[in-house]
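Going down the list, the sequences are from chains A and F.
Residues in the first sequence are numbered from 1 upward in steps of one, following the numbering used here.
Residues in the second sequence are numbered from 1001 upward in steps of one, following the numbering used here.
No lab work stands behind these hints, which were simulated from the structure alone.
Mixed in with the good hints, there may be bad ones.
Unchecked claim - For the chain F half of the interface with chain A, some residues (derived, Cβ under 7 angstroms), not all of them:
#: 1; residue: ARG1082
#: 2; residue: LEU1087
#: 3; residue: PRO1090
Unchecked claim - SDA-like, lysine to any residue: derived pairs with alpha carbons at most 25 angstroms apart:
#: 4; chain 1: F; residue 1: LYS1078; chain 2: A; residue 2: THR82
#: 5; chain 1: F; residue 1: LYS1078; chain 2: A; residue 2: GLY162
#: 6; chain 1: A; residue 1: LYS90; chain 2: F; residue 2: TYR1019
Every residue, glycine too, gets a C-beta built ideally from N, C-alpha and C.
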Amino acid sequence: MYEVRNIAFTYSRRKILRDVSFVVSPGETVAVVGNNGAGKTTLMKVLATLYPPDSGLVLSDGQDALSNPLKYRRQLGYMGETPALYEDMKVKAYLEYRAAIKGEVEKRIRRRVGEAAEICQIPDLMSTPIRHLSAGQKKRVALADAILLRPRVLLLDDFLAGLDRTMREAAGSIVTTVAAFAGVIITGHEIADLAKWTTRFLVLSGGVISSVIPSAGMDYATTIKRVDNALGGGR
Amino acid sequence: MSPIAITCKRTLGVLKSLYSTVLAYSLFFAAAGASFAFSLEAAEGGETPIAVIWAIATAPLLPILASLLAMDVWSDEKRTGRIEQLLCTPVLERDFTIGKFLGVLIAAMTALGAFLISTIFFLYFFAPSALENQTFFSFLPALMALAMQSTLWCAVAVAASAAFRHAAAAAITTIAITSAIPRGLWLALMQWAPQGRLSFGEMPLDAQIFDITNGSISSATVLSYALLSIFSLFIATKFTTAARYIGRGARQHKWSMATVVTLTIVLSVMLLGLFYRLNTTIELPIGIHSERIFSEKTRTILRETRGEITISAFMSRKDSRFRQISYFLRALSREADAVGGARINIRYVDPRWDLGAAGRLVNIGADVDSLVFERGRRQTILPLGSNFSERRCASALQKIAMPPQRKKIYWTRGHGECPFEAYGPWGMSDIARELHFAGYHNQSINLAQDSEIPSDCALVIVAGPKSDFSKTETGRLDTYLRKGGRLLLLFSGEKDKDWIAKLLTGWGIAIESAKPDGVKTQSGTDVIVSDFSDHPITDPIRGRQILLEAPTTFSHSSSSEAPGADKIEYFELAKTGDYCVAAVSERGSNAGEDLELRPTRIVAIGDASFIMNAQLKEKGNENRVFFLNSVAYLSGSGAMTGADTEASRLITRMDRSTRIKFVFASSAIFPGILFIIAMAIVIAGRKRS
Chain A
1 MYEVRNIAFT YSRRKILRDV SFVVSPGETV AVVGNNGAGK TTLMKVLATL
51 YPPDSGLVLS DGQDALSNPL KYRRQLGYMG ETPALYEDMK VKAYLEYRAA
101 IKGEVEKRIR RRVGEAAEIC QIPDLMSTPI RHLSAGQKKR VALADAILLR
151 PRVLLLDDFL AGLDRTMREA AGSIVTTVAA FAGVIITGHE IADLAKWTTR
201 FLVLSGGVIS SVIPSAGMDY ATTIKRVDNA LGGGR
Chain F
1001 MSPIAITCKR TLGVLKSLYS TVLAYSLFFA AAGASFAFSL EAAEGGETPI
1051 AVIWAIATAP LLPILASLLA MDVWSDEKRT GRIEQLLCTP VLERDFTIGK
1101 FLGVLIAAMT ALGAFLISTI FFLYFFAPSA LENQTFFSFL PALMALAMQS
1151 TLWCAVAVAA SAAFRHAAAA AITTIAITSA IPRGLWLALM QWAPQGRLSF
1201 GEMPLDAQIF DITNGSISSA TVLSYALLSI FSLFIATKFT TAARYIGRGA
1251 RQHKWSMATV VTLTIVLSVM LLGLFYRLNT TIELPIGIHS ERIFSEKTRT
1301 ILRETRGEIT ISAFMSRKDS RFRQISYFLR ALSREADAVG GARINIRYVD
1351 PRWDLGAAGR LVNIGADVDS LVFERGRRQT ILPLGSNFSE RRCASALQKI
1401 AMPPQRKKIY WTRGHGECPF EAYGPWGMSD IARELHFAGY HNQSINLAQD
1451 SEIPSDCALV IVAGPKSDFS KTETGRLDTY LRKGGRLLLL FSGEKDKDWI
1501 AKLLTGWGIA IESAKPDGVK TQSGTDVIVS DFSDHPITDP IRGRQILLEA
1551 PTTFSHSSSS EAPGADKIEY FELAKTGDYC VAAVSERGSN AGEDLELRPT
1601 RIVAIGDASF IMNAQLKEKG NENRVFFLNS VAYLSGSGAM TGADTEASRL
1651 ITRMDRSTRI KFVFASSAIF PGILFIIAMA IVIAGRKRS
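With the hints as extra help, turn the sequences into a complete structure.
Here it is as structure tokens:
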């Protein structure tokens, strides 16, 4: 169980997050949506321990994650909104380096990299230099990096941005696969796509979760309409 | 592998693939090569060990190398946003920083090691004599000293890289902190108060290199470098951590216990060091001074002297020369023990603190900045002027060890000769002082006025007469020589000197009109003389070289042939090409012993300017020895052997063209080849990936 409790965050004296709370169960995929500037990326960075919150707790399996960040980061996969990779490396070398730096034992690195590549559908890109990859391929490599050590929580920030339709569908199937072993929190503006494979929508507005809209078991069109309404209300 | 090792490996991988690394290496090799080549030329003939010259020439370039290597390590991660990928991994910022620092340090040390190997390689080819008595281990303390400074510069460079998003800003900041500001301040201080050099000593960054390279490590220095390096890495870590707090104000930053403890320890040790001036000196067994080779003369004096000799160094401990003098005296003491001679006690008397001892030394006539040699009731004082040398010390030891017997040298006057008491660049006061310290008494004589040369004369020196001697004067000289007199003739210019020529011809030496042509030269106007015959005067400098300015040449005069005991022996002492530039003639040496007659000896040298103050100050080491040996031979006291021709002197024996080749090879060809090879490797690596 992954729980975010009363997170608050201030940036340049402006309250970006006031009181954000939600729970993500294992195997669940949660979409955090909101208008531009609502604080989605900030929330993801706080959850990824990149920004320390002003107050609030992040509980992973009931334990305070932020007070022991090294242990928490071992259970965490994070992918930023723009994949920042080492352009001089080949995909395989990059993933092996990332697995090693994340603390994976040497004899398991190759297996981990193979699994992640398989899930992210990039086995044929393994010997390609990263600088030769397209934006979509780079996102897949970044996702493979995020899921390398089979994290319990996967944070995907604006994952679908800039992807074409085919790639977005492929991304959906990848996330669904990953959700088998991790709770996934994903942010973005692509509600129609997200509605296909997320279980809940959390609408972030005014620094708080203003609405929680379940999508699992709901009519697809209704879900989209409700999310749109919630976002419109946010405006 | 630990995160530190992984990060270090990755940093090295990145550095290997960067054009900027190739450029940094090439620039470093070119600049350091040129710096060393010019420093070597400046130090030619001096006592500074080659390892020290190498280290001092290289040290100022290390901050630039470190800044160029480290400028990207953090700033690039920040600029591209990859720092987020690093900060959300289960690795401490500290480990990333240390890993990156180690990568940069290894790259810097590789450059340093490669430069040392290339230096030895080029010296081996161009100036093998400079490497005599040197092994790779002679350079080890120098390498250690530079490694110590490199560690700090790399740590500062990594911190600067962590502080900026732009590599250029990081590089400029590093150079400013590690080099421009401290050296600029020092230069400003010296401009403002030049007398301060005596109080403060040399530029601390250079003085530390000098000390360690000489085998003396100050624990305070090592501790300072270690602490400052750790502190710089700590700052680098803090800059990295600060990336999490951008836009949130410093008050949000929580000071962890580790931060507080680290800062407290660093500040406490620094304050302790400041208050108590930690300065425990550890002497390395591999130090250069432990290998110091003293001249045979010094060793003989030490060996033949018994009892105890006390040497008091009457000077301030803050004096810039204090360390060198201290090393020298300790080496002298060790040498005395090694040869089983006199036991040497060393005392340091600081005029500000050791008031009782200082008062006693003042009462015996010693001034501050002098060495006082004492053996029983005998004392001698040696001022620590700019001419302080091992030879002076040996003479001082000789003075108190052996009974005083001064031989008189008469310098002729009245023909425009170089005055031995003149202190200007064209005077000969330096060599006259050398003679004084060697136990001679210098006196002038005017042969036109004095009826005859005094009987106590050990030797007559004619030092570069500009006009000819009269018939009367040469007659007096001839009379003196026929009684077994000794004459040292130093020529100058091409003026007609008929009477001198006639005098010499009678003693087997003919003056030639031809000047050396097409021979080896260093500056273009001088002549390099390196062909020496087997003779007591030249034996100590065989294999070395002297420099003469447009010398007069000599040949054997056959008109002087005489039978039996009067037979004149003629030797060509020194030649350049086919030209003889120094000759010696001796009459009566065969029969001299039997008849108890003193054999006549004449040494003629084709140039007088070679022992002028200006010449000796620059590159006149062998010139000095050649002259002193000539005097010793003529006065019958045996060859002086030349204290400074020993291994402790730096002799490259490079002529002008070889030196140009050496500069060109070490500062252009080698860095150029390295640049091409490294670029090929980087391009191939990039193509492969």
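Discussion item. Going through the numbered hints above, which ones does this structure break? Give me the numbers in ascending order.
Written reply: none
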